[in-house]
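For reference, the chains in residue letters:
Protein chains: 2
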Amino acid sequence: MRHKSDEKYRKIIAAATKIFAQKGFFKARVSEIAKEAGIADGTVYIYFKHKDDILISLFEEKMQEVLGNMKEQIALETDPLKKIERFALVHLKLIEDHKDIAEIIQVELRQSSKFMKNYNNTKFLEYLDLISKIIQEGKEKGLIRDDIIPGIAKRAFFGALDEMSRFWVLSKKPKYDIQTASRQITNFFIHGIRKQET
Amino acid sequence: MRHKSDEKYRKIIAAATKIFAQKGFFKARVSEIAKEAGIADGTVYIYFKHKDDILISLFEEKMQEVLGNMKEQIALETDPLKKIERFALVHLKLIEDHKDIAEIIQVELRQSSKFMKNYNNTKFLEYLDLISKIIQEGKEKGLIRDDIIPGIAKRAFFGALDEMSRFWVLSKKPKYDIQTASRQITNFFIHGIRKQET
DNA sequence: CTAATAAATGAACGAAAATTCATGTTAGAA
DNA sequence: TTCTAACATGAATTTTCGTTCATTTATTAG
Numbered sequence: 001m002r003h004k005s006d007e008k009y010r011k012i013i014a015a016a017t018k019i020f021a022q023k024g025f026f027k028a029r030v031s032e033i034a035k036e037a038g039i040a041d042g043t044v045y046i047y048f049k050h051k052d053d054i055l056i057s058l059f060e061e062k063m064q065e066v067l068g069n070m071k072e073q074i075a076l077e078t079d080p081l082k083k084i085e086r087f088a089l090v091h092l093k094l095i096e097d098h099k100d101i102a103e104i105i106q107v108e109l110r111q112s113s114k115f116m117k118n119y120n121n122t123k124f125l126e127y128l129d130l131i132s133k134i135i136q137e138g139k140e141k142g143l144i145r146d147d148i149i150p151g152i153a154k155r156a157f158f159g160a161l162d163e164m165s166r167f168w169v170l171s172k173k174p175k176y177d178i179q180t181a182s183r184q185i186t187n188f189f190i191h192g193i194r195k196q197e198t
Numbered sequence: 001m002r003h004k005s006d007e008k009y010r011k012i013i014a015a016a017t018k019i020f021a022q023k024g025f026f027k028a029r030v031s032e033i034a035k036e037a038g039i040a041d042g043t044v045y046i047y048f049k050h051k052d053d054i055l056i057s058l059f060e061e062k063m064q065e066v067l068g069n070m071k072e073q074i075a076l077e078t079d080p081l082k083k084i085e086r087f088a089l090v091h092l093k094l095i096e097d098h099k100d101i102a103e104i105i106q107v108e109l110r111q112s113s114k115f116m117k118n119y120n121n122t123k124f125l126e127y128l129d130l131i132s133k134i135i136q137e138g139k140e141k142g143l144i145r146d147d148i149i150p151g152i153a154k155r156a157f158f159g160a161l162d163e164m165s166r167f168w169v170l171s172k173k174p175k176y177d178i179q180t181a182s183r184q185i186t187n188f189f190i191h192g193i194r195k196q197e198t
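Top line first, the protein sequences correspond to chains F and B. Throughout the first sequence, residue numbering follows the numbering used here, covering 1 to 198 in sequence. Throughout the second sequence, residue numbering follows the numbering used here, covering 1 to 198 in sequence.
These are calculated hints, taken from the structure and not from any lab test. These figures come from a predicted structure and were not determined experimentally. We put the CB at the ideal spot given by N, CA and C, even for glycine.
Pairwise CB distance ranges, derived in the manner of DEER restraints:
| id | chain 1 | residue 1 | chain 2 | residue 2 | range |
| --- | --- | --- | --- | --- | --- |
| 1 | B | Glu140 | F | Ser31 | 52 to 58 Å |
| 2 | F | Lys175 | B | Gly68 | 24 to 30 Å |
| 3 | B | Arg10 | F | Lys27 | 26 to 32 Å |
| 4 | F | Glu65 | B | His50 | 36 to 42 Å |
| 5 | F | Gly151 | B | Leu76 | 27 to 33 Å |
| 6 | F | Arg29 | B | Asp79 | 50 to 56 Å |
Let the sequences and hints guide you as you build the complete structure.
Structural data, given as structure tokens:
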């Protein structure tokens, strides 16, 4: 490429993130995204095949980032129970720092199955599997009860965090801070799955 | 009303439930709903002001039903911990028996804030509060730890159940049955919040 | 049976957006 | 400097529905 720099591509993704978060995919207008990105409507179609393509790319990019970040953070801990604790904290922190990403993940995660029949959300599944791997590890080390099913536990844990963030995304003045929420959720999740009770 | 029977209204709601669940609100066509209901396009507008109105009415009706049913079921138990257990079971059973309702709640719950600025989802909040009331009751009876915050716990618990049902709604061949999922989730939730550990 | 009213119809309308494309602009090669 | 391919533009085109409304059909009262 001579130009067709990454720059415009990035700008469009950034603009779309903002607009999608603000109005949701269907109510977002391509022209509005273009305007936000400071380019002409037609330019969008040089970088993306169609509107859907913007969302898919955006989602892919963000999840990549989130996933990579989470992996790094988890690797800092050795104790599986500590890893779980950190997962919660990092996840909720992400939500707090990037409400726009959170909103898109929240909504689009639920919709993707409907408007993109054959979009297999690999990245998200990988994210979820970080949790089940930790649980598996904990079981092997004898820290987590044998009867805990990782496939269910990962969903329960993620679901708890996700519902909490939905609440944040929707309310302007969050009632609870991350630390508190994160601690509570981790706390009863860990109490619920671990072997020895205090 | 002379005629303008409830019948057509019901038919439209039923049709919309099916179509919305299938394609999501935005991709659903009014003409398609009409066709599914076996009536003319225009007839829809005799019973509903506009497309949004169909969704809101539908949501309201379904939540009413779900809420009423849940209240009844919970009332059958006296022990707060048992109530929690039953909540999980009833909720997941509902999802299993009415996938279409589940799909609509799943998606629309997340979207409502975006496409209906001033639609206060009272019914849903009431549903959530059933959980926090149980937790409160448990705390008063000394069954649940004092440091548990009902406002967070209710979301964590609901989130866990909700994420589990999302999984069901999306996958054709559920890996786990309700009983198992319900038991697991309840189990580590209860372990996580109660006072005396076994 | 007839009129009067209500309900239902579906073709047609029009507004809203997604996408296209003829034209203009730019950046680098020669 | 000139040439040209890649890029960018945004007005025009096309498509896609939600919604309307003139007309037809059904219902009930007198």
